[in-house]
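Here the numbering used here is used: the first residue of the sequence shown is 1, the next is one more, and so on.
Treat the hints with caution; some may be incorrect.
Here are the computed distance ranges between Cβ atoms for each label pair [said to hold, decoys possible]:
hint	residue 1	residue 2	range
1	L52	A6	55 to 61 Å
2	F47	R25	30 to 36 Å
3	L32	M1	41 to 47 Å
4	L61	E29	44 to 50 Å
5	L7	R28	32 to 38 Å
6	V43	E11	41 to 47 Å
7	G39	Y8	35 to 41 Å
8	E26	I60	47 to 53 Å
9	L32	K4	37 to 43 Å
Honestly, the hints are just simulated from the structure, not real lab data.
Because the structure is a prediction, the values reported are computed rather than measured.
Idealized CB from N, CA, C, for every residue including glycine.
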Amino acid sequence: MFNKLALYMRETAQEMKRVSWPTWRELRESTLVVLVTVGVVTVFIFFVDQILSFVQRQLILMT
1 MFNKLALYMR
11 ETAQEMKRVS
21 WPTWRELRES
31 TLVVLVTVGV
41 VTVFIFFVDQ
51 ILSFVQRQLI
61 LMT
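Work out the full structure, taking the sequences as your base and the hints as a guide.
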C-alpha cells in the first residue's frame with residue numbers, strides 16, 4: 001500500500017510541473033471578473049426577490 005501512495009505522490013508532483021499556471025496579472029483579472037459577476041448576480045437576485053415579495057404581499061392583501 002505504501003508503494004501505491006508513493007507512486008501517486010510522484011505522479012502528482014510530475015503532473016503539477018506540467019500545469020500551465022496563470023500569471024499574477026491573469027489571476028487578478030480573473031478574480032476581478034468573478035467578483036464583479038457575483039456582485040451583479042447578487043444585485044439581480046435581490047431585486048427579483050423584492051419584486052416577488054411585493055407581488056406576493058399584494059396577492060395576500062387581495063384575498
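Violated hints - listed by number, lowest first: Structure breaks no hint.
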